[in-house]
Amino acid sequence: MTETRLDLPDGRSLAYRRQPGRGPGVVFLGGFRSDMTGTKAEHLAAWCATERRAFLRFDYTGHGASSGAFLDGAIGDWARDALDAVTALTEGPQVLVGSSMGGWMALLLAKRVPERVHALVGIAAAPDFTEDSMWGEFDAGQRAALASAGRVELPSDYADEPYVITRRLIEDGRANLVLRDPLPLPFPVRLLQGTADTDVDPSVALRLLAHAECADMRLTLVKGADHRFSTPECLDLIGKTVAGLLA
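Numbering (our numbering), first residue to last: 137 to 383.
In case anyone wonders, no lab produced these hints; they're calculated from the structure.
Treat the hints loosely; a few may be bogus.
If you anchor each label on the Cβ, the simulated ranges turn out as follows [to be verified]:
1. Q278 <-> G380: 40 to 46 Å
2. T331 <-> S149: 35 to 41 Å
3. R287 <-> T173: 37 to 43 Å
4. R354 <-> A276: 39 to 45 Å
5. E289 <-> L342: 28 to 34 Å
6. G277 <-> S339: 22 to 28 Å
We put the CB at the ideal spot given by N, CA and C, even for glycine.
Given these sequences and hints, build the entire structure.
See the structure below:
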C-alpha cells in the first residue's frame with residue numbers, strides 16, 4: 137500500500153494510509169521518531185483488514201514520509217497533526233491506539249475532541265515524557281547545555297545516532313502536559329504495559345491509571361515485555377484488546 141498525502145493550508149503535508157471498512161474505525165498513533173510502517177501498525181492494519189474495520193495510520197510532521205524536519209517539531213505540533221488527520225480522514229468515533237508518545241497524543245485528542253473517541257488503547261503510553269523522563273532526568277550539565285545551545289544529545293537504544301533533544305521540545309511539552317490537571321476520559325480505556333520496559337517505566341501506567349477520571353479503565357501488565365511490545369504474544373494482545381472494545 138502506498139502513502140496518500142493530506143495537504144494542509146499552512147504547508148504541512150501528512151503522509152497517511154487509510155483502509156476502508158465499518159465503524160467505529162481504528163486510528164494508530166505512533167511514537168517518538170517512529171513511523172506508520174512499524175510492526176504494531178502493520179499488525180493492526182492486517183487485523184482491521186480481516187475484520188473489515190476502517191483503519192487510519194499516518195506520520196507526524198518530521199516523521200516518516202511526512203513533510204518537515206524532525207528537530208523542528210514538538211509535542212504541540214504533532215498533536216495538531218493528529219487532530220487534523222482524525223478530523224479530515226475519519227468519520228465518527230474512533231478507537232485510538234497510541235504507542236509510547238502516541239499514547240500522549242491520544243490523550244490530547246481525548247481532551248480536545250472527546251466526541252470523536254469511542255475508546256482508547258495505550259501501549260506503553262508515555263504522557264508528559266518530555267518533562268518527567270527527559271527534563272526530570274537531565275543533570276545540571278545537560279540542563280545548562282539545553283539553555284545555552286538550545287539542544288542536548290542523548291544516547292539511543294534504537295538508532296546509531298543519538299537523540300537530539302531541543303529546548304523547544306521541552307518547553308512546548310510543558311504546554312501540553314496531561315497529568316497535572318484533571319483528565320476526564322468518558323469512554324473505555326485500556327493500558328498495555330510491559331514489566332521489562334526500560335524506556336517507559338510501568339509506574340507511568342500506574343500514575344495514569346490513578347490520575348484519570350474514567351469509569352472503565354484497565355491496566356494489563358505483561359511480564360517480561362519490553363518497550364517495543366511487538367512479540368507475537370504482545371501483538372495478539374493488542375488485537376484482542378481492540379476487538380473487546382469494539383464488541
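Hint check:
1. Q278 <-> G380: 40 to 46 Å: Taking Cβ atoms as reference, Q278 and G380 lie about 42 Å apart, which means the hint holds.
2. T331 <-> S149: 35 to 41 Å: Holds - the Cβ-Cβ distance for T331 and S149, about 39 Å, lies within 35 to 41 Å.
3. R287 <-> T173: 37 to 43 Å: Once the Cβ atoms are compared, 27 Å apart, the range 37 to 43 Å for T173 and R287 is violated.
4. R354 <-> A276: 39 to 45 Å: 40 Å, holds
5. E289 <-> L342: 28 to 34 Å: At 30 Å between Cβs, range holds.
6. G277 <-> S339: 22 to 28 Å: 26 Å, holds
Hint 3 from the earlier list is the only one contradicted by this structure; the remaining hints agree with it.
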